[in-house]
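Protein chains in written order, with numbering that gives the first Met the number 0: chain A, 0 to 437; chain B, 0 to 437; chain C, 0 to 437; chain D, 0 to 437.
Just so you know, these hints were derived from the structure itself, not from any lab. Here the structure is a predicted model, which is why all the values come from computation and not from measurement. Any given hint might turn out to be false.
Note: identical chains are not told apart, hence a pair may lie in one copy or across any two.
[Said to hold, decoys possible] Below 27 angstroms or equal to it, Euclidean Cα-Cα: the simulated DSSO-like pairs (lysine-lysine) are: (1) Lys202 / Lys367; (2) Lys177 / Lys91; (3) Lys239 / Lys52; (4) Lys52 / Lys171; (5) Lys171 / Lys95.
Number of protein chains: 4
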Amino acid sequence: MAEYFPGIPRIPFEGPGARNPLAFRHYDPSEVVDGRTMEQHLRFAVCYWHTFKFAGSDPFGLPTMERRYNGSGDPVRVAEETMVAAFELFSKLGVKFWCFHDSDIAPEAATLSETNANLDRIVALASKLQDDTGIRPLWGTANLFSNPRFMAGAATNPSPHVFAWAAAKVKKAMEVSKELGAAGYVFWGGREGYETLLNTDMKRETENLARFLRMAADYRREIGFDVPLYIEPKPKEPAKHQYDFDAATCHAFLQRHGLLGDFRLNIEVNHATLAGHDMLHELEYAFANDIFGSIDANRGDLLLGWDTDQFPSDVPLAALTMYSVLRGGGFTAGGLNFDARLRRQSVDPADLFHAHIGSMDAFARGLKIAARLRRDGILGGIVRERYAEWEGELGRRIESGACGFAELEAHVLRTGEPALRSGRQEMIENILNDYIHS
Amino acid sequence: MAEYFPGIPRIPFEGPGARNPLAFRHYDPSEVVDGRTMEQHLRFAVCYWHTFKFAGSDPFGLPTMERRYNGSGDPVRVAEETMVAAFELFSKLGVKFWCFHDSDIAPEAATLSETNANLDRIVALASKLQDDTGIRPLWGTANLFSNPRFMAGAATNPSPHVFAWAAAKVKKAMEVSKELGAAGYVFWGGREGYETLLNTDMKRETENLARFLRMAADYRREIGFDVPLYIEPKPKEPAKHQYDFDAATCHAFLQRHGLLGDFRLNIEVNHATLAGHDMLHELEYAFANDIFGSIDANRGDLLLGWDTDQFPSDVPLAALTMYSVLRGGGFTAGGLNFDARLRRQSVDPADLFHAHIGSMDAFARGLKIAARLRRDGILGGIVRERYAEWEGELGRRIESGACGFAELEAHVLRTGEPALRSGRQEMIENILNDYIHS
Amino acid sequence: MAEYFPGIPRIPFEGPGARNPLAFRHYDPSEVVDGRTMEQHLRFAVCYWHTFKFAGSDPFGLPTMERRYNGSGDPVRVAEETMVAAFELFSKLGVKFWCFHDSDIAPEAATLSETNANLDRIVALASKLQDDTGIRPLWGTANLFSNPRFMAGAATNPSPHVFAWAAAKVKKAMEVSKELGAAGYVFWGGREGYETLLNTDMKRETENLARFLRMAADYRREIGFDVPLYIEPKPKEPAKHQYDFDAATCHAFLQRHGLLGDFRLNIEVNHATLAGHDMLHELEYAFANDIFGSIDANRGDLLLGWDTDQFPSDVPLAALTMYSVLRGGGFTAGGLNFDARLRRQSVDPADLFHAHIGSMDAFARGLKIAARLRRDGILGGIVRERYAEWEGELGRRIESGACGFAELEAHVLRTGEPALRSGRQEMIENILNDYIHS
Amino acid sequence: MAEYFPGIPRIPFEGPGARNPLAFRHYDPSEVVDGRTMEQHLRFAVCYWHTFKFAGSDPFGLPTMERRYNGSGDPVRVAEETMVAAFELFSKLGVKFWCFHDSDIAPEAATLSETNANLDRIVALASKLQDDTGIRPLWGTANLFSNPRFMAGAATNPSPHVFAWAAAKVKKAMEVSKELGAAGYVFWGGREGYETLLNTDMKRETENLARFLRMAADYRREIGFDVPLYIEPKPKEPAKHQYDFDAATCHAFLQRHGLLGDFRLNIEVNHATLAGHDMLHELEYAFANDIFGSIDANRGDLLLGWDTDQFPSDVPLAALTMYSVLRGGGFTAGGLNFDARLRRQSVDPADLFHAHIGSMDAFARGLKIAARLRRDGILGGIVRERYAEWEGELGRRIESGACGFAELEAHVLRTGEPALRSGRQEMIENILNDYIHS
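Same shape as in the complex, but just chain A (with noise of 0.2 angstroms):
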């Protein structure tokens, strides 16, 4: 069989004094990390949007990226092409898992149901590269957002005509996620929202949005395709405002409609800065609330105002993520999938490469700074013992919900000022270069 990615081999382990740019200095996925290997700790999967159908256009300007298996002039021959490209990627990588929309791996037509038999015919087609190569998708969703059908939303459209377009895109996209073994389903809402507030009804637009989840969490029971459903929070781009604003909208709305024991959240990085938050503060939110699910892996930058999918190669960040997945008990389902796109100037097939190899080694560095953080109990330590005073008398019986305001207020009384006790942010940071920078 061709290659499409010629000259690039298996992406070899090489180890840190490497001087060849395509090899890993760090991810060598069978090195075990706190008792289980790299590759079962960070659960990397490519994305396939990015990856393989973005071509370097953006709002002001063309396509730059000639990739070889876009060349044949019909779609359905571009989709194969491609889908076996992307397993010689994924193989050369060696990641074991992919993920994907249903219109990035087969082209829609004139009819759903002519639609659904391209996505039958790529999908036996990607089962038997999977078959081949162990290689299965983290989860699959349906894209609601691109098709003008959905310009007003799929959900929460003012049209329910609309609103069964999407429930008919999102049965066929679990039915063949489920077909390919995906370890989970995925709702990212991007037209799930509104432009202006002057022409919505945002009450009802947020129960039919209810509504609809409440149904695929039936139909995912139904089919037997035992898996988590995520959401991906995003606060807008491209609404105005979306409804799954970040980590903390998606908990309230998913308490207020009954949907808690369904969904869990998929977070990006890139969406957390979009709404104002630190990718760490959707992740502790997330455990915090017992709603964490996966990691869209990517960063932004934080001098522009909207999502630019770099590719994750922040070595800092990857570190204090994989502190708190690991804290949190690893991942389950859930994994590291790079929603990133190569720069627009980077039309080299082989930069595609250097951007998985970059990311993939800098959250190799992260889970080992992680793993040593925690064997030495660094962070841990510093967080308990600034709580300690709540293990005494007075913070036991608050806890415990023993008193009221009237006793705290006696005690205040009694016992005058407490002393101030320094946060020691500078020390701490300065011991967290010590080991990020070791």
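Dock chains B, C and D against the given chain A, drawing on the hints supplied.
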């Protein structure tokens, strides 16, 4: 009694053509709009802290404003004079409400007992002035952020001793609020958040915050203080991150901890925008989820990243705010408090009056515009028509829960593509302009 | 000739009380304001790219808008039909100007020669339509950002070959702009910047940009194209950073490279705000430094981090813009071009008319407000009075350069502290509100 | 002499593996890197205002930090004790420079004469401490923003009387800076801007600012204070807008007013980001235009909209900063001053040491990384190769000014399309990571 604002008369209503800067052009308290007087609709409240205690300092500069009531060297005497001056200003403006933190009105002393004694003395004076004028608090609150003891949080402090201090202060503040006949009680958690996640136990902190609010709700019942409790969302500042980030985050929190029945929201314009939302979004969210309470009326500068707390003289915003409030049934216990302060260079006492007059006039205009919009059914009609299909067969089946994915897929297979309908945003904005600027 | 906007009549002026949405309420081209007609003051120009070439796509979605003139499969035929449709819209709106990029009006072909031939053919058509209607370009420009060859910059490209391409395109665009009688020529450098400093030689790139602009100025003189050249500042998007960040940055660049005599600025509202400035700041800066040229009139959404290019229906902003323009002497060669596009859901051809009508009316209102403000000497008087001390002895000595630090120190030692004078911001805002909303 | 920081020894260098938090792991002042010692390269300066005068207050809270040198009730005595404590800290840290505002070191009194007398007294003390230790100011400056008289600007005030005050203060501050052997003098114009354009004459204000700076340059020559003058850009805060917005704006201003020969820039990280720029952008701009002077080293929080002035412990940023500085030839008169303050909860005196140690170590690491990058020619080589075509025939003709549009058009007609070359951003970032994290 000596005047503190000599030369400023009671502000008269002189109507739209007036040249007198110290007159209302639009706010006529007795004018009936949509069945209620302007005074009943708008429920303006002057904020004690900004209007009387802010003297023009900023992080880079010392106070600029001299006030007659600040002259005496003795803190308690200053507090008394300030209270008298406050009622002079309230009366001259013709507002019926004020709002305050405990430490705005009475100086903190070396011990809680002495501080509470100071408070009792000033509250007695305020009570008398209230009796004389018929003015009362829209709400009271406790300052849990200025004193160093609260530097690491009040209810979310690493020390239960500080939790107790917060409890003691809120207990007293609720008591005096009740004594003064306040129509509500507010919680703003400026220190309930974190500076760095590295030393923070978010889960424990938010659970303790919930415990604290539960105690407050219990104590309200215990003392028969039968008014709404409000949480005021703010995303950040002073903290790096505050737990009451925005309306949705508070909603998640209240649900998570079973506090929905006891708390509603006090929504501030400039806090909304700091969280990345339009004020109207926060209002819609609160109404849609039945947690709306009251409004901190001000405006910010969207090109600045901090809370500028400018006076709310923005007429279009006032109009849409009042449209939202009217549609939601109007204020019950809540109202419009001016959480706004003079610019640092506005050093004349007369500037205090210009600021309030301009804001009251802006809301009076806004109310009249909103009432016309509702009378003519403009925005309501647009929205109703846009969602009309939901009243049809398919819409009803979906909204009643009668169907699932399979039926909806069948519908799509049968009916094909929906037509695209214009969202008409530009036309709606034109219509709105005609109402706002007519 | 077939109509492309059937059912839309020539838009009449019907005055403030009109109910017809397809009528002007305020824009009466022949109404005389402050000595000139509205048409002479406002010099509205329709932008070809947004109004005719934008079809509703966004980074997450496909086009939503169908237009009659796009139906033919042949690119040149589409270009011809679009041009005819454009003049139909210009005429129905009653605007006297349009503006365009080379590649908006004629399709790019495989070679420069063919592309230029396409351009010549369409320019001949436009020329005839111009003769029939008396409409002409406010300015022309070359698109140096969409084609992949410009991905790393045009005049700032790492390859001189691309620099040459930019030169060839601008040469032709200047020629056709001259042929069409354009009143100006614009440079917007969307790719003149960088994605990362790590691979960028900023000094060389900006020097090459200066060389390029010098060649353009020379060529303008060579062909006798006697109109202003404009640079249009924008801070970012599509690039991570653009060299023409804002008015001050362009001013620094023009001075540094001796280009001040040849270039003025074309200032865009939404670019101003993306750079962290109010539009009025950019206008003031340009007028204060005598580099003002023309205005890209639109509005952005300050809660979104990208250029939303919304239609400029903001009346208060239009009023202050026109106040600044009138005070600066009014437009000479420049004007107001609508660098604005429909919202993606505004799919009806009629929406194009609503959008332009609302914006033209907003500026007509703004012009009338501005003229009243100037007639009454309101803002001018406030400013004059505030700086009155500079007309005194000390002020004159300083401003004439007659004194230095020693004399000023002696003055302070002699006279002590100055009195603090109120900046009266709130009162001024109240007065402004009376003008804007009367 | 009593110690003000008892228990803190002189901070030793203990090398990378050290466990002692009060030791340097990377900063060894005598280590030679690229031909100079670390001390010579880095020229660290402690900032008097943050390190000694900041006590933990913020806009919502009172001071939290108690210091031994603040105990005495008398302002002059406090000033003296603080100065002694400062030299203790400087010495213990082993820094060779400090920097200050006039009003940091000596209390302002009722008249200028008395204030100056205070200053003379403290300067005499500082002078003696300097003699004892060999430490001297990196730069001095005058505080023209805290006193109410400057509320509407210093050199840009509507009153020439205030202009005179600013002149008197700068005159004295330059004199004492000279007396103390300062290596530079800084102007930061926190009030040189506006709160609202509605009452502002921007043209007059900026011209007066230029007059003021010209007087300062003249006075510097007059007294033979032969050091660089620096302007420190900041976009906003405290003002709504400051005239020294960023490096480019200062560059425009200096050119416009013929001040380029007298002023260079003091660039601050957190001011850069508040202006929407990466610190590296501001450095590149300054070097490219030969206006670089010195660095205010700190870091901000890009999710917060105000100047957080955090200690600069970010190693990757320090590395790229030092790379830029080394490539530009290293510091001459300038250096790295820590314009950074403790977090409000860092109440222990030891936290002052942790903060400085962590930052000095971060820059020491950064210096070593930068030197390796330069030694290996990594980034330089990438840039050189990317622009290599400019060394060819066409490039030389363009850069030498030998050709114009016609020749370039002919070139394109002859040669057609350029090839697209990858910008290789991801690969470069991977290489950089290997250097930063090795």
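Comparing the hints with the structure gives:
In this homomeric assembly, Lys202 and Lys367 come within 27 angstroms of each other (Cα to Cα) only across copies, at 26 angstroms, whereas the closest approach inside a single copy is 46 angstroms. Taking CA atoms no more than 27 angstroms apart as the test, Lys177 paired with Lys91 passes inside one copy only; the shortest distance there is 25 angstroms, against 56 angstroms between copies. In this homomeric assembly, Lys239 and Lys52 come within 27 angstroms of each other (Cα to Cα) both inside a single copy, at 25 angstroms, and across copies, at 22 angstroms. For the identical chains of this complex, Lys52 and Lys171 are intra-copy neighbours only, at 21 angstroms inside a copy versus 35 angstroms across copies, given an alpha-carbon limit of 27 angstroms.
Taking the shortest Cα distances, Lys171 and Lys95 sit within 27 angstroms of each other inside one copy (24 angstroms), while across copies they are farther apart (53 angstroms).
Every hint, counting from the list given before, is met by this structure.
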